[in-house]
Amino acid sequence: MSGQTPLACARVRVLLESYVDQDLARDDPQRAQQVREHLAGCADCRRQHHQAASVPFRLKALTSPPPRESLTADVMKAITPARTRDRRAWTLLAPEAVLASFILWYLSGLDGLGSIASGIAGDLQGLAGWGAGSGSLPSVPPVDVLLLLALIALTAIAAYHLSILIELTPKALPTRRRA
Amino acid sequence: MSDSPRPRSIRRYGWAILIGVLAVVGILLAVADISAGNRWPNPMAQAIVGPATTSHPASAQTQTFRFDRSRVGDRLIFDFPIGGLGPLSPYQALRAFLTNGAGLVLLALAALVVFPARARSAVERLEARHGSEIALGAGLVIVMLTLAAVTLLRFTLLFLAVVPLVLLVALVAGLFGIACISLALGRLLHRRLRLPNVHPLIAALAGALVVFDLAVIPYAGVFTLAAVAMAGIGLAVVTRFGSAGGWSFVDLDW
Numbered sequence: 001m002s003g004q005t006p007l008a009c010a011r012v013r014v015l016l017e018s019y020v021d022q023d024l025a026r027d028d029p030q031r032a033q034q035v036r037e038h039l040a041g042c043a044d045c046r047r048q049h050h051q052a053a054s055v056p057f058r059l060k061a062l063t064s065p066p067p068r069e070s071l072t073a074d075v076m077k078a079i080t081p082a083r084t085r086d087r088r089a090w091t092l093l094a095p096e097a098v099l100a101s102f103i104l105w106y107l108s109g110l111d112g113l114g115s116i117a118s119g120i121a122g123d124l125q126g127l128a129g130w131g132a133g134s135g136s137l138p139s140v141p142p143v144d145v146l147l148l149l150a151l152i153a154l155t156a157i158a159a160y161h162l163s164i165l166i167e168l169t170p171k172a173l174p175t176r177r178r179a
Numbered sequence: 180m181s182d183s184p185r186p187r188s189i190r191r192y193g194w195a196i197l198i199g200v201l202a203v204v205g206i207l208l209a210v211a212d213i214s215a216g217n218r219w220p221n222p223m224a225q226a227i228v229g230p231a232t233t234s235h236p237a238s239a240q241t242q243t244f245r246f247d248r249s250r251v252g253d254r255l256i257f258d259f260p261i262g263g264l265g266p267l268s269p270y271q272a273l274r275a276f277l278t279n280g281a282g283l284v285l286l287a288l289a290a291l292v293v294f295p296a297r298a299r300s301a302v303e304r305l306e307a308r309h310g311s312e313i314a315l316g317a318g319l320v321i322v323m324l325t326l327a328a329v330t331l332l333r334f335t336l337l338f339l340a341v342v343p344l345v346l347l348v349a350l351v352a353g354l355f356g357i358a359c360i361s362l363a364l365g366r367l368l369h370r371r372l373r374l375p376n377v378h379p380l381i382a383a384l385a386g387a388l389v390v391f392d393l394a395v396i397p398y399a400g401v402f403t404l405a406a407v408a409m410a411g412i413g414l415a416v417v418t419r420f421g422s423a424g425g426w427s428f429v430d431l432d433w
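If you're matching them up, the sequences are chains A and B in order.
Numbering-wise (our numbering), the first sequence opens with residue 1 and increments by one.
Numbering-wise (our numbering), the second sequence opens with residue 180 and increments by one.
Chain A with its partners taken away, still in its complex shape (with noise of 0.2 Å):
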């Protein structure tokens, strides 16, 4: 016994939660020997005790986190029925169409392009050249603005076509091992 004033049974069910908790015996070793020391001679409070420490009880005295603040708008866009976002994925070749014809067109078409892999193999060569001290550094030629925006253009299109594509793409199974 520990010579204090017993506890009664009212002082024990507060402090009931914090008993099982661990934290009365953390922040005052004493009460909770009393608290202990009551349980063992009371059956009512012992049943009160059994029911605080179950699962289901501790579960529902748990605090749920608040939500994210864009739960909501993760939510609906997950149940969206993704027949826009697939309408979407194929009406964005159109103007990927119009832009890559538009730049082959300004290039000269293959000719153009072929002209810019071979202007590419050669001052690469240059800029190796350059490195290894056994030439001149390559000049950049001379590029029209127009261009310049149509092929940012494009590579923007494309990359938000692109993303679209990777939303639409079915997500990886669980792996699952033979036994």
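Hints are supplied without guarantee of correctness; some may be wrong.
As the list claims (entries may be wrong) - Simulated coverage check for chain A against chain B, where a stretch passes if three residues somewhere in it have a Cβ under 8 Å from a Cβ of chain B:
hint: 1; segment: 27–34
hint: 2; segment: 115–125
As the list claims (entries may be wrong) - Computed, partial: chain A to chain B, Cβ under 10 Å:
hint: 3; residue: Val55
hint: 4; residue: His161
hint: 5; residue: Leu165
Hints were generated in silico from the structure; no laboratory data involved.
A virtual CB, placed ideally from N, CA and C, is assigned to each residue, including glycine.
Given the coordinates of chain A, work out where chain B should sit on it, guided by the hints.
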């Protein structure tokens, strides 16, 4: 009702028969491709089956034959029985099969051996609903994106050195994608022809041979191969090389 012994034994060798048939079909299609190439030259197809064959090969004075000392190919050229088309060269077709076909098969199998889990994840997503359409569409978009980006980089000096890296990534993505498509084709053959269970690499081998056969169809083969390569690049990119997590920006949003 039980199967009779003969069909069961044929079924047992189903994969061997299938692979043999696919190889023979590939060689025959290559013969046709080489022969047709003489009438309507197709420079792109020459990359697969080699240059167009002539009945009178170049003389020894103009070429070195360090790698072809026997020169059997020069003796195995036959005139086409129906007028108009070029000579038949089964030896050159066999050579195309043993170089490009074997290269395709080896690279596909190597990719599957090195990245089995990623290949599985990518194939599962390819086999899902609309998986092949999405892969092909993404491949088309990536080709446009790559061409635009490379052209942009061409007009800079600072980032010019990035171009080979971009092309290398595209090449690796294409190879990985073609390997996954080969495995998916092998699995499709397994299901459709009700073949017995076999090691996945055997199925992938059959699938890679199907890809080679498609690539040597006269004239159409180049376009078919381009479509397969584009779908392969698309598959590799949309699945992030078959990673289980896929693309996610969650880590950037904290």
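Sort out which numbered hints this structure fails and list those numbers smallest first.
Violated: hints 1 and 3.
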